[in-house]
Amino acid sequence: MLSRFVAFTSLGRRALPNQYDLFAFALILAAFIAISQVSQSVTLPLTAPESTVVSLDYMHLPYYALRTTLRMFAAIAASLVFTFVYATLAAKSRRAALVLVPFLDVLQSVPILGFLSFTVTFFLGLFPGSILGAEFAAVFAIFTSQAWNMAFSFYQSLRGVPRDLIEVARGFGLSWWQRFWQLETPFAMPGLIWNMMMSMSGGWFFVVASEAISVGDTTIKLPGIGSYLALAIDEKRIDAVFAAIVAMVAVILAYDQLLFRPLVAFAARFRVELSAGQIQEKSFVANVFARTRWMRASMRAPAQLLRTIALLRMELPVRSSQSVPQSPALSRMIDILWIACLGLGTVWAGWLIVDYVRQELSWSDFWQCVLYTIFTMMRVVVLMALATLVWVPAGIWIGLRPALAEKVQPLAQFLAAFPANVIFPVAVVFILKFSLNPDIWLSFLIIFGTQWYILFNVIAGASVFPNDLKEAVANFRIRGWDWWKNVIIPAIFPYYVTGALTASGGSWNAAIVAEYVKWGGDTVSAHGIGAYIAKATADGDYPKIVLGVAVMSIFVIMFNRLLWRPLYDLAERRLRLD
Amino acid sequence: MQDNFARTSFASKKSLLEVRNISQRYQTGSGELGPAVLDDVSLDLKEGEIVGLLGRSGCGKSSLLRIVSGLIFPTGGEVSYLGQKVAGPVDGVAMVFQSFALFPWLTVLANVELGLRAKQIARDEARRRALKAIDLIGLDGFESAFPKELSGGMRQRVGFARALVVQPNILLMDEPFSALDVLTAETLRTDLLDLWVEGRMPIKSILMVTHNIEEAVLMCDRIIVLSSNPGRITAEIQVRLQHPRDRLDPEFRQLVDKIYALMTKRPEPVAPGREGAFPGLGFGMALPRVSTNTLAGMIEEIAAEPYLGRADLPALADSLQMEVDELFPVAETLQLLRFAEIEEGDIKLTAAGHRFAEADVDVRKKLFGDHLLTYLPLAARIKLVLDERPTHTARAVRFLEELEDYMSEDYADRTLKSVVNWGRYGELFAYDETSETFSLENPQ
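Those protein sequences? They're chains P and D, same order as listed.
Under the numbering used here, the residues of the first sequence are numbered 1 to 578, in order.
Under the numbering used here, the residues of the second sequence are numbered 1001 to 1444, in order.
Treat the hints with care, since some could be wrong.
[Said to hold, decoys possible] Once the Cα atoms are required to be at most 20 Å apart in a straight line, the calculated SDA-like pairs of lysine to any residue come out as:
1. K1119/D x S175/P
2. K1119/D x I309/P
3. K1148/D x F270/P
4. K1148/D x S175/P
5. K92/P x G1088/D
6. K1119/D x F180/P
7. K1417/D x S1291/D
8. K1148/D x A250/P
9. K1119/D x L312/P
10. K1148/D x F266/P
11. K1119/D x W177/P
If you're looking for bench data, these hints aren't it; they were derived computationally from the structure.
Isolated chain P, as found in the complex (with noise of 0.2 Å):
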């Protein structure tokens, strides 16, 4: 009897449809449709003439839209497939944990756009002669801005699965396929949702990056949202770019609705917590499923599938060595093996590159490029520099005051999700008006989409600030310089740096298309790594893209270990609050 309760109680009374599934059913049936015509266009071959033209009549913009965002959808499942595959096995296996963590580190810290040329290119060559190759690579780009975050997330996850829940596992034999759906991805869960949410917002300028582009002669053009703005671009069209920004805005405020409300719901029964947590997730479009009955039942079938599917006991042919513990010294052996084979296949990886950049460029190239770096590295500094100056204070002023928090903190959340790529027009058409200095005014742009993030943690850190410590300091007559010394400025630093540490990261790769941006037929181009690497790219000369990326890749993961590292470091150890 009680079974009966407890399996039918979520179904209701009546079982006739309501209008909260009219509304549901709508949004899925279009999906649907959506998705089966898009699939078929993306087959079409590079010859047929529909398939590369894009026309800046504003009735288009809406397909281009739904093109843009399903390319960003495969590339988000692409980075989750990516995420579960090597993140676990980098957890799993002390000796893969040893090429593939470091491997991950510099990926994160790579400009992952110089290499678009590459991929391009030998994306085309894996479909010689259609459309779908370019598709690759458009996605691939993409895939490379959100996947390192995303596994580096699971994998802390997974190491952190707390050791109780691990011996419950195994004490009720719990398959290694069953622990990793019941137990590992569940925990790692909040995590991941929060990553995926961030490599979205990062997502959305590769995406407008990658749809038109052009290496030597080949000029790729994919209907989306980017290449209609790059047609803009070419036409001199500043409507249409208003055109284009206002589609983006659209289609940014409809997925951050639609997908990711409901998911951070969703993802909020995975946090582990003692208590019942004071913040609850809202969501419209959660709430309106929730409601519906039709719908929900629907998704019983499917549902139980999934449950049973993770279920399954996927045994492995071979007994994962149930844990006996090897010798010692043969595993010292074995240890000592693998480390000289890795530092082998480094000393070749490092030949090969010296060997290729040599033969076609000299030591004056590689010191251009240091120059050139450094150029762009002040940029960058100076920008956080006056970032940090306005958006610090901001947010903290914004922060302390929770309704005011309460209605800011979204805006500047969408704003970080916004691809500053597509206002750089607007910005160069001001800048060739008033003949304005590039170097400095170029500049800006490469803030330009990563500020936000300043501004949206130290907000989320200004929130949390607690309240005993609030009357602490108004009890004390904390105020001035002493209260920003010692007060708040510690209380918001580790939120601070995890901000700073994201905007650093995008405004290198920002300074890739920030720093040479065209109108038409002018160029504005400033002196950087960035203008050096786009314009290599446009010229289709890859030696130089190559020693352009490398040269700039060390810089920012010398960036990031001296910088960043310490700095978080000291945030993690020091100034917890909790």
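Based on these hints, arrange chain D on the given structure of chain P.
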């Protein structure tokens, strides 16, 4: 309902579990095998009995439980269950955890079902059995709740239901009541004992780990006392009292006193060649984390009425609401620093202890510092190094590495932290957390 008498005559019963000469060693910081956590432990678990492993933190009792359940491998010795060697998690053995270890994203029902579903037991069958277990353990009505909505006691009931639903022969319990408040813990104990005595649980025997002496005497038929560092069996006590047992029963009290005395007995002199463990002396001695405020408070408590310098440990534990695991480290630190002596379950202040109790803050600090230098080799070593060096500074790593030759990284870390705290109070040296450096100077 089973006959109570039958349950208490174990000699004729067959062994469910045999633990033979188990030893377990730390991996030290340098990756080599360190001193033993468990040393040559053997025990049998027979059908129909509740056996308690009683010991203090660091005696390896939790490790022993995990070895028995097949979750970890011992460095030496072997475990057999129903005559079969244990080489991994065994069906028929289920564990209840101190931290409950529930999956927060699963409802109560799903948590209980998980073990069954993992074994590919059909959905309906799993549901039926889970509901039965939930019913048995008194969780009716909470099936669709998430763990975070439940109180600690209810959460642990889920832990019990989850263990019982797989119908194990042996139930392992790792301090199952120690994360609960006193009243809740008592209710859960009584409920569990009722189910056990009435034979309503599918299990044949229980092995529980605890550091609570009264709990052991209340629940167990046999209590195995483990010493610390390394964990060795020092005593085995049969409890022949009838259930339900009465804590105020003179026989009950006598047993409790006896076990207190056993657990505070001074260890025999350690074999030469190996430096002693707590409270034996030597550099490589693992120290507990005890705050100087607690030490001072304890000295004052013993010096004052009604103890006037000599207190019975069980009585002291009772009046201070302290568990053995909290009380013993304090008492033994006092003994180590010669502020008190422990004998036969009593703690007695020394002359220095009395002086400490009567002194003001500055004199106390001075006295404490002197005792640290005299009786704690690690403190003396740090002070000596600082005095000898021209810079009067030394990195903490230096001492940490030395300690790791004797104990695991965790213990080394804890030991050093204790010394830092005590040394700061005794004003022997200063310690800078950021640079992890000892020095003789106080900050300007």
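For each hint, the structure was consulted:
no. : hint              : result
1   : K1119/D x S175/P  : holds (9 Å)
2   : K1119/D x I309/P  : holds (13 Å)
3   : K1148/D x F270/P  : holds (11 Å)
4   : K1148/D x S175/P  : violated (26 Å)
5   : K92/P x G1088/D   : holds (18 Å)
6   : K1119/D x F180/P  : holds (15 Å)
7   : K1417/D x S1291/D : holds (11 Å)
8   : K1148/D x A250/P  : violated (38 Å)
9   : K1119/D x L312/P  : holds (9 Å)
10  : K1148/D x F266/P  : holds (16 Å)
11  : K1119/D x W177/P  : holds (13 Å)
This entry does not satisfy hints 4 and 8, going by the numbered hints stated previously.
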